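K.L.:
Listed below are the residues making up each chain.
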Amino acid sequence: MDFGLTKQQEMLRNVVREFAEAELAPHAADLDERGEFPLAQARRTAELGLVGIVTSPEYGGSGMGHLARMIAIEEVSRVYPPLGFFLQVAPMGLYILETAGTEDQKKKYLPALCRAEKFIATAVTEPTGGSDPTAMQSTARAEGDGWVLNGRKVFITIGEVADLVVVVARTDDKFNAFLVEKGTPGFEAPRREKHAGLRSIPVSELAFTECRVPKENLVGQEGRGLAVALAAIAAVGRTGVAGVALGVAQGSYEAALKFARERKLYGKPIADLQAIQFMLVDMNVGIEAARLLAYKAAWLLDQGKSPREAGADIARAKLYTVYLANDVAAKAVEVLGACGTTPEYHVIRRLRDGLELLAAAGTQQIMKVIIGGSIVR
Amino acid sequence: MSVARDDGKFCQPTGAGNRIAFRRQNSPSELWVWAEQRRGRLLPVSLELLGKARELAPALGAVPAAVLLGQGVEEAAGELFAHGAEKVYLVDHPLLRLYQSDAYADLLARLAGERGPEVILLGATTLGRELAARVAARLGTGLTAHCVDLYVNEEGRLVQVVPGLGRGTLWEYVCLRNPQMATVKPGVFPVPKGDPGRRGELVRVPCDVREESLRARTLEMAEEEPAGVSLEAAEVVVAGGWGLHAAGGFEPVRELARLLGAAVGGTRPAVDRGWIPEELMIGQSGKTVSPRLFVSLGASGAMHFTTGFLGSGVIFAVDQNPGAPIFEVADVGIVGDLRAVLPLLIEELRKRGIHPPPPN
Amino acid sequence: MEIVVCVRRVRDGAEPGRSAIGPLERHALEEALRLKERFGGRVTALTMGSPPAGRALEEALAAGADRAVFLCDARFAGADTLATARTLYYGIRRLGPCDLVLCGNESATGATGQVGPQLAEFLGVPCVTHVRRLEAPAPDRLLAERALEHGHMKVEVRLPALVAVVKGINTPRLPTVWGIMAAAEKGITVWNAEDLGLDPHLVGLEGSPTRLVRERKTEFARRKEIFSGPPEEAVKKAVARLKELGVL
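Residue numbers (our numbering), protein chains in the order written: chain A, 1 to 377; chain B, 1 to 360; chain C, 1 to 248.
Heads up, some of the hints might be wrong.
What the hints assert, rightly or not - Restraint-style ranges between C-beta atoms, simulated for each label pair:
1) GLU233(C) / TYR266(A): 29 to 39 Å
2) THR6(A) / SER50(C): 17 to 27 Å
3) GLU235(B) / VAL190(C): 53 to 63 Å
4) GLY249(B) / GLY35(A): 33 to 43 Å
What the hints assert, rightly or not - 27 Å max Cα-Cα, derived DSSO-like pairs, lysine-lysine:
5) LYS224(C) / LYS287(B)
6) LYS154(C) / LYS287(B)
7) LYS287(B) / LYS268(A)
8) LYS182(A) / LYS108(A)
9) LYS154(C) / LYS185(B)
Treat the hints as calculated values from the structure; they're not laboratory data. The model shown is predicted, which means the values in this text are computed figures rather than measured ones. C-beta atoms are modelled at their ideal positions from N, C-alpha and C, and glycine is treated no differently.
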């Protein structure tokens, strides 16, 4: 069993880390404070090939794979988790198009999405609950030469900045997915949520009122819309969240370690005091374990396993890494003592970001439902 | 490109003696200093090296000499004699008014080939380093850069001392061939006392350099306002903290920085007092620097400040409180009233020959 | 334009986020890539060293170099700047005619700044060092702004030439994912002394006229030599100590 990364993956890690240190670190606290979407930085990730990293080069992607993507997201999130979260959510739409879209749809949208000239969001969750998608109330009825959408979606990440949204809606007892372009009459983003963490990433409500979309905008086979979206959430969203969690944990741990090496009490660094050292050890061991779980899930996808086949592994990865990230971030705050909650030391914003991961790409409880289903049956 | 060089011209070990005997018989050997001048004014480093040459000459059985290239620079030869040269080779030509990479290298290398000096020293200025490197390669000899000390060993060879890798290491080199060449940074050796009455032998060397042969041509040279070195790039940083208010303010930091050619920085309290802008703040919420020398004046050394410079080569701190945590991270420190210590510090540095870096 | 970039690897091992290429060499590579984008041609990355130095070449290929050549031979070790310059010269000679050699003004460690000018001597071409701005008014002529301590010189140089660059001349590009994947296809050519037709006595330690004869160590931890008492004495002692430490 080879635990090593390939040379390309190592080089990718180095490049993304350098990018994060040089271009994200100086602005992270400020962007977080202002709660503004980091448009320039998002475009930079596209320039480097990170947005389309699992998209085929045929459509403008770089096609390096899921493990490479996870490494890239981890490195970005180590410094600035919101941008890592962007890299988690944006490729979902690309994945949907590449796996279920028509050739025309792929050629029309993918290259611009890979270049971050346009952004895409995925809208499934409704007030009836993201964990219970089949209870959704939004409808899509066939009419004339297209479809008409009605309904409300909530907690849609980058929904208000996206140029395109993949919307899943009910048609009788089946579900369809549609591409809706920003500016389409009847499509609005009326409200933005105010979240405690990932403050630069807008999460919004989307409203559809007699919104007409042409028939070419149906994505995937009729009736298969929800399945397509859920596969993308598993393969891309969930693995992405695991990557963000790894980055949050790693960044928090490094901040705590640095502080503990420099801060002196009783004449020596607090890192030499067992009480503190053991906390650092717990963080260290937890991150190593989390990383292996997360990398394995991504690796399975690269080996050709479908999102369904790798479903339990992906759920394990997300479940474990997100709890771990929250734990490490909280421990880091503790190690820093009174400095832990001040902005200069950058651990408190990571703790806030970590909290947002609990419900992202499926709640922790849904992860357990998935895993439970796989072991009990 | 792809001139096939005949390797016979380069680096043929000469056998047992390891000395290239192309100097004239029956003349004493010479220790040369390249006298760098800009706009007709000698750089202090040229005099510093001359002082050292004078010191080393007896042990080498050599005569200290200087090589002066330029246009209308004969007056400077007098200064070279005054500071220890017994001989000055002067090449005075309009083409040499500005440093010309090809011409200077050609002339110095040819002269060295003809006269066979034992040692050639050059200041490790941006021009000196380049010239030294080319001439050394042309002569097939070794060159040691940025020496912090020079001495002659029992075998009569020049030992060239440079900082090693990692703090606290020094490496000593010897060159197996002649001329033994070394560059030395300005300010390492003191400027010797000049004796205006001293005279020496002036050798005028004809210059046969033609303009067409200058493949890289210096068109112009321009002076710039030393706008202040950027913090991150600076080799020396002087930072001030809250304690300076007792010494009347931030001016000592700037004065010391000017003297050392250093960048200026400070603590958060210094920013709050309006002494420095935010960009010059060092520490957790400011810049991280790792210069060769970091000087802290009047800062107690709280962790969010020191974390910004722990990677520095040598840390020198001055503060009035003997228990200040800055002394835990300092290599050298002075405890005392800043009002008294700082002026004395500046005076002592001047006496020791520290002076502001040369303008062009 | 045929451009060769001398790439030197950073000596202190691999660390995530640390480029394997020395900082000034990255500026040299970036300048080469820009000239190629402008005039067409080919960029070859060249390095000399022991096997880990290959990482620097992989990175150069990922950033956009077309070819990479590794001069690798245990006998090259221990070289001073003269022997290094000679080895690189033989490597460039084997590559064939080129118009421009770009290198960093000095390496991150060692930092002598000598290899560039010495390599130019072997090649028989003019050199301009400390270049902080490079203009190419024509494919056979460069206009360089050469930094001085407090100022600059404008130098016009005819190609072929060697140019050594300093920080600030450009912003080195990061390799993209596409570049990283393409690099694997390009491959690295490895040459030893025999491949270069180089007499081993002229390179490495044997070919170096300068020899390290002694290493002296002083303490590593912070010295904490704190002087108090009458200010004049404390100041004298402190300054003397700083002089001894070689920082004044």
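K.L.:
Please name the hints from earlier in the document that this structure breaks, with their numbers sorted from lowest to highest.
P.N.:
3, 6
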